[in-house]
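Asker: The residues making up each chain are set out below.
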Amino acid sequence: MKYPQALQDLIDEFAEIEDKMEILEYVYDLSDEVVEFPIAKWSEKTRIMGCQSEAHLEVVVVDGIVELRSGADAKIVQGMMGIITIAINGRKAEDVLQLKPDFAQEMGILNSLSPSRSNGFRNIFDKVMAEIRMKQ
Amino acid sequence: MKYPQALQDLIDEFAEIEDKMEILEYVYDLSDEVVEFPIAKWSEKTRIMGCQSEAHLEVVVVDGIVELRSGADAKIVQGMMGIITIAINGRKAEDVLQLKPDFAQEMGILNSLSPSRSNGFRNIFDKVMAEIRMKQ
Amino acid sequence: MSLKDDFPILSREVNGHPLIYLDNAATTQKPQVVIDAMSQYYSNSNANVHRAVHTLAGEATEGYEDCRRWIKSWFNAEKAIFTSGTTEAINLVAHGWGRANLQPGDVIVLTEMEHHSDIVPWQILSEERGIEIRYVPVLDDFTLDMEAYAVSLENAKLVCVVHTSNVLGVRNSVDELISLAHKAGAKILIDAAQAVPHDRIDFKQFNADFMAFSAHKMCGPTGIGALLVKNDAFEQMQPFMGGGDMIESVTTSGSTYQTNEHKFEAGTPKIAEAVGWSAAFEWMSEIDLPAHHERLLNIAKWTADQLRELGCTVYGRHQSGDAAVVSFLHPTIHSEDFARFLDAKGFAVRTGHHCAQPLLNRLGITGTIRASFYLYNTRQEAEKFIETVRHIVGKFA
Amino acid sequence: MSLKDDFPILSREVNGHPLIYLDNAATTQKPQVVIDAMSQYYSNSNANVHRAVHTLAGEATEGYEDCRRWIKSWFNAEKAIFTSGTTEAINLVAHGWGRANLQPGDVIVLTEMEHHSDIVPWQILSEERGIEIRYVPVLDDFTLDMEAYAVSLENAKLVCVVHTSNVLGVRNSVDELISLAHKAGAKILIDAAQAVPHDRIDFKQFNADFMAFSAHKMCGPTGIGALLVKNDAFEQMQPFMGGGDMIESVTTSGSTYQTNEHKFEAGTPKIAEAVGWSAAFEWMSEIDLPAHHERLLNIAKWTADQLRELGCTVYGRHQSGDAAVVSFLHPTIHSEDFARFLDAKGFAVRTGHHCAQPLLNRLGITGTIRASFYLYNTRQEAEKFIETVRHIVGKFA
Ligand SMILES: Cc1ncc(COP(=O)(O)O)c(C=O)c1O
Ligand SMILES: Cc1ncc(COP(=O)(O)O)c(C=O)c1O
Chain A
0 MKYPQALQDL
10 IDEFAEIEDK
20 MEILEYVYDL
30 SDEVVEFPIA
40 KWSEKTRIMG
50 CQSEAHLEVV
60 VVDGIVELRS
70 GADAKIVQGM
80 MGIITIAING
90 RKAEDVLQLK
100 PDFAQEMGIL
110 NSLSPSRSNG
120 FRNIFDKVMA
130 EIRMKQ
Chain B
0 MKYPQALQDL
10 IDEFAEIEDK
20 MEILEYVYDL
30 SDEVVEFPIA
40 KWSEKTRIMG
50 CQSEAHLEVV
60 VVDGIVELRS
70 GADAKIVQGM
80 MGIITIAING
90 RKAEDVLQLK
100 PDFAQEMGIL
110 NSLSPSRSNG
120 FRNIFDKVMA
130 EIRMKQ
Chain C
0 MSLKDDFPIL
10 SREVNGHPLI
20 YLDNAATTQK
30 PQVVIDAMSQ
40 YYSNSNANVH
50 RAVHTLAGEA
60 TEGYEDCRRW
70 IKSWFNAEKA
80 IFTSGTTEAI
90 NLVAHGWGRA
100 NLQPGDVIVL
110 TEMEHHSDIV
120 PWQILSEERG
130 IEIRYVPVLD
140 DFTLDMEAYA
150 VSLENAKLVC
160 VVHTSNVLGV
170 RNSVDELISL
180 AHKAGAKILI
190 DAAQAVPHDR
200 IDFKQFNADF
210 MAFSAHKMCG
220 PTGIGALLVK
230 NDAFEQMQPF
240 MGGGDMIESV
250 TTSGSTYQTN
260 EHKFEAGTPK
270 IAEAVGWSAA
280 FEWMSEIDLP
290 AHHERLLNIA
300 KWTADQLREL
310 GCTVYGRHQS
320 GDAAVVSFLH
330 PTIHSEDFAR
340 FLDAKGFAVR
350 TGHHCAQPLL
360 NRLGITGTIR
370 ASFYLYNTRQ
380 EAEKFIETVR
390 HIVGKFA
Chain D
0 MSLKDDFPIL
10 SREVNGHPLI
20 YLDNAATTQK
30 PQVVIDAMSQ
40 YYSNSNANVH
50 RAVHTLAGEA
60 TEGYEDCRRW
70 IKSWFNAEKA
80 IFTSGTTEAI
90 NLVAHGWGRA
100 NLQPGDVIVL
110 TEMEHHSDIV
120 PWQILSEERG
130 IEIRYVPVLD
140 DFTLDMEAYA
150 VSLENAKLVC
160 VVHTSNVLGV
170 RNSVDELISL
180 AHKAGAKILI
190 DAAQAVPHDR
200 IDFKQFNADF
210 MAFSAHKMCG
220 PTGIGALLVK
230 NDAFEQMQPF
240 MGGGDMIESV
250 TTSGSTYQTN
260 EHKFEAGTPK
270 IAEAVGWSAA
280 FEWMSEIDLP
290 AHHERLLNIA
300 KWTADQLREL
310 GCTVYGRHQS
320 GDAAVVSFLH
330 PTIHSEDFAR
340 FLDAKGFAVR
350 TGHHCAQPLL
360 NRLGITGTIR
370 ASFYLYNTRQ
380 EAEKFIETVR
390 HIVGKFA
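Residue numbers (numbering that gives the first Met the number 0), protein chains in the order written: chain A, 0 to 135; chain B, 0 to 135; chain C, 0 to 396; chain D, 0 to 396.
Hints are computed from structural coordinates only; laboratory data are not their basis. Glycine residues also receive a C-beta, built at the ideal position from the N, C-alpha and C atoms. Hints may contain errors.
Listed below are the simulated DSS-like cross-link pairs for lysine-lysine, each with C-alpha atoms no more than 27 Å apart in a straight line [said to hold, decoys possible]:
hint : chain 1 : residue 1 : chain 2 : residue 2
1    : C       : K229      : C       : K71
2    : D       : K203      : D       : K156
3    : A       : K99       : A       : K1
4    : C       : K394      : C       : K383
5    : C       : K182      : C       : K229
6    : A       : K99       : D       : K71
7    : D       : K262      : A       : K44
8    : C       : K203      : C       : K156
9    : C       : K71       : B       : K99
10   : C       : K262      : B       : K44
11   : C       : K383      : C       : K300
12   : C       : K300      : C       : K394
Label pairs and their in silico Cβ distance ranges [as the list claims (entries may be wrong)]:
hint : chain 1 : residue 1 : chain 2 : residue 2 : range
13   : D       : M145      : C       : T258      : 36 to 42 Å
14   : C       : E281      : B       : S42       : 41 to 47 Å
15   : A       : D101      : D       : K3        : 39 to 45 Å
16   : A       : L96       : D       : A99       : 39 to 45 Å
17   : D       : S248      : C       : E247      : 39 to 45 Å
18   : D       : D144      : C       : E281      : 51 to 57 Å
Start from the sequences, fold in the hints, and give me the full structure.
Answerer: See below:
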């Protein structure tokens, strides 16, 4: 199996939805999946550049295990964070670093992997990976 | 008759030539038709702007009769001056001022009447007319 | 046959829905004739312009200069300098006129309603030259504070003001702004980026000194725009960029410049773009702009009313003369989420600060959702838009 | 299937003869794929770029940024700033780097071989700032005087030099010019307008600080070009034009700027142009440039020899690395007459000073007739050209 079970389930669920609106609604709902990152801790350092909305995250790695804490004022952006949370939280940093952003395209939430068209997802993903690499 | 005889004859002769090279050769030969304007008299004031080559002219109006004196280093440009010489010299200023540049198009020596594509002819013609208007 | 049929892009689908393009204040779509004119240029006449005797160069030069003739006659202007757009046109005034005519301590009057393109060039010049910038405030009714404007004109050398706001659609009292500026002895630059798509301005009668706009907002191609200049202001301008075509002669000890517009058009110009823009003018010359303007304003007014009923705040007033731009916010749904949902249904709207942060600051917000209508938009599209907004609000508010 | 078939314009006639286009140093023709890419952009994806979430805006942004990726990977460059062409790129260095880093008394080194676009911006800056300009002489063999160059570097802060002369086709000893400049502590700008059409330069290895070029001379559209910049020089650059997209935030009390290339790309960018340029890169990536370069140089050499035999003076040397440019004059036939006769037979050549008056001054002439060859030109065309020249000389000399 290519992906961890939780992520694979999510990919499968998304694969069944065709309508873009429904996909977005689902992503919207997944905004609840983030581990809260309190606004009080938001700073220039935690900010995701290139997003239109305010979007912030930090990654903690304890005993090699990753925890992403995040939040955004736009729910769909936070929903993307929720998806990444499901994909990586509680997993080993070294495993997480194997992850490529392609799965978001398989889910239909990305038209394109290019940063300029990924509507924020790519920037979030890249920042998460960079943080893990730094803190590993 | 729309044009004075000498000009009409010229137009008719040109009308018979189809090949662009032959047209140019004919214009080239007409460079002999100019009334000489000695290089010693060439100045910024007599210069035709917008020509690639050095081209100069002055117009004298004596007793209401026009005389164009001109010269250029490029023979085809001087040939165009020769054509205008045939068209206007010895005629009354008021008659000459009726002349429109269209005849050059009828002759096939101009692709276009627009100053930017007339390859100098339009600039020569316009300067001649302006001089006559000034000196009339 | 509707206007829509002239625009190939308008038959495409987005996310399985017919595209409804409401981002016209950002850029308009291009009719087939404009696209074809450029293709034909490249397929038949492409060459570099000026100073060449071969046939293609003549055709290319004619194509390029034809567009200048279109602009001059369309706007009744004395001088029309090609630029890459409104932004470069304003920067050209800052560099070409400002540097040559403004001294430390001089005053430039801007407004809180300006687009960044009409703020940042002046801030850069101001820092470099010690020039004072004054901002005319925007009132609660979304209009300029004309009393404050009158006061701000003291010692002003230049006024730079937007004709029609790209955020609010508000058309300023341009005639009054111009005549007051001139009375105070100041020159005035009008940012007409959002004006020219709707309004065929007579530049001579208008009587501004400079006017800047872009082709891409009026059915023309990207990469080209123009600055109109009155003759006396033109004579005061120094070259901006140096290079080919703008010179009369160059020696190692110095250069002399062209005296016409070419002086400000260094380098190989935007030839295909000019050819495309001419085609846009030709296409627009067949359109009854005032009638469409009124039609679209009515659509905008209706849309604004509907949005208010759905609980949104609308920024703008939609009075006679205003552009059909509807900026709004929903109190609980984030504008980015809103725009993504709309996109999922085929609607193109813009969110964000619309390059007018000082205005948004003044309004106490950081962005809006902006739906902007143009010639090919219909009342029916507006109705579908409102229907979709109602659906989104119903679901996510 | 020959390369010619990719270029729709090359099947047209001029004055009843098949077009033979030999004005490639002025601008090259465009393959169908480039024309189509732009039409398709306007027909399918046209929108304004950046900061928008709707689908078209995403596609347009991707199209625009894709071209930057093409440039960066084609040239192995750290930073690639879009400009409207070589001329604006050089002016960007003068304004963005020169104003911020040059002091009165500093020295800029140019050469007598420069195009006006690499002279006039520096003359303007020099007058404004009291900067000294030195010109490296051209020797009788049409090369730069490298000894004089070495001497001129004393106190030089910047060297600006043309990679390949648009008049002579001579390729300068760029590697040596660059390493000497750096040794002297000067930065160096390469005008690569005539280089990139023939030579896929590795900018990192090349090691210049700035490199400027235009799309329209390498099968791309008009209205777009680029400036490559090394990271450390990039960090020393101040904004040139102000406006939308180049800012991070704007307030009435001041603005902050983007930190990447966008900082220098104010206003709506040249989107369709970038899309067209990408298609040109893609098309060129299938071409064996070095092989064609050698083929064309041989054609140029042969043409030059033939012209000499016909009594013409040829300016250039056509050695390995030089471009296939043949500048010549006939002792008695005026170059303008010559070019008109050639045009009558379907040939497009350029006459005049080619925007390089100081070089022509040095050569003691005011202009040349220039035939410049590119990928789609053939030996057969050169033979027809010489045949026609022979006819003209026979008749009018
Ligand atoms: C050597 C050289 N430098 C600069 C330029 C200017 O390029 P552009 O006109 O595209 O800005 C040219 C082209 O004419 C050139 O040949
Ligand atoms: C009012 C206003 N001014 C200036 C501009 C800048 O125009 P451009 O980006 O075409 O240079 C715009 C367009 O975004 C605008 O709406």
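Asker: Could you run down the list of hints and mark each one as holding or not?
Answerer: Cross-check of the supplied hints:
Restraint check for K229 of chain C and K71 of chain C: the C-alpha separation of about 11 Å stays at or below 27 Å, so the hint holds. For the given pair, K203 of chain D sits about 20 Å from K156 of chain D by alpha-carbon distance, which is consistent with the 27 Å threshold. Restraint check for K99 of chain A and K1 of chain A: satisfied, since their Cα atoms lie roughly 11 Å apart, inside the 27 Å limit. This hinted pair checks out: K394 of chain C and K383 of chain C have alpha carbons roughly 17 Å apart, not beyond 27 Å.
Note on K182 of chain C and K229 of chain C: the hinted pairing holds, with a Cα-Cα distance of about 17 Å set against a maximum of 27 Å. Proximity of K99 of chain A to K71 of chain D is assessed by CA-CA distance (about 23 Å); at most 27 Å being required, the pair is judged to hold. As the CA atoms of K262 of chain D and K44 of chain A are separated by approximately 21 Å, the hinted pair is consistent with the 27 Å bound. For the proposed pair K203 of chain C and K156 of chain C, the alpha carbon gap of about 20 Å is at most 27 Å, so the pair holds.
Simply put, K71 of chain C and K99 of chain B have alpha-carbon atoms about 23 Å apart, close enough for the 27 Å limit, and the pair holds. Between K262 of chain C and K44 of chain B the alpha-carbon distance is near 21 Å, which keeps this suggested pair within the 27 Å criterion. Pair hint K383 of chain C plus K300 of chain C holds up; C-alpha atoms about 15 Å apart against a cutoff of 27 Å. Between the alpha carbons of K300 of chain C and K394 of chain C the distance comes to roughly 25 Å, so the proposed pair stays at or under 27 Å and holds.
Checked against the hint of 36 to 42 Å, the pair M145 of chain D and T258 of chain C passes, with Cβ atoms roughly 39 Å apart. Checked against the hint of 41 to 47 Å, the C-beta distance between E281 of chain C and S42 of chain B comes to roughly 43 Å, which is consistent with it. At about 42 Å, the CB distance of D101 of chain A to K3 of chain D agrees with the hint of 39 to 45 Å. Distance hint for L96 of chain A and A99 of chain D: a CB-CB separation of about 41 Å, consistent with the stated range 39 to 45 Å.
At about 43 Å, the beta-carbon gap between S248 of chain D and E247 of chain C stays in the expected band of 39 to 45 Å. Distance hint for D144 of chain D and E281 of chain C: a CB-CB separation of about 53 Å, consistent with the stated range 51 to 57 Å.
Against the hints set out earlier in the document, no violation occurs for any number.
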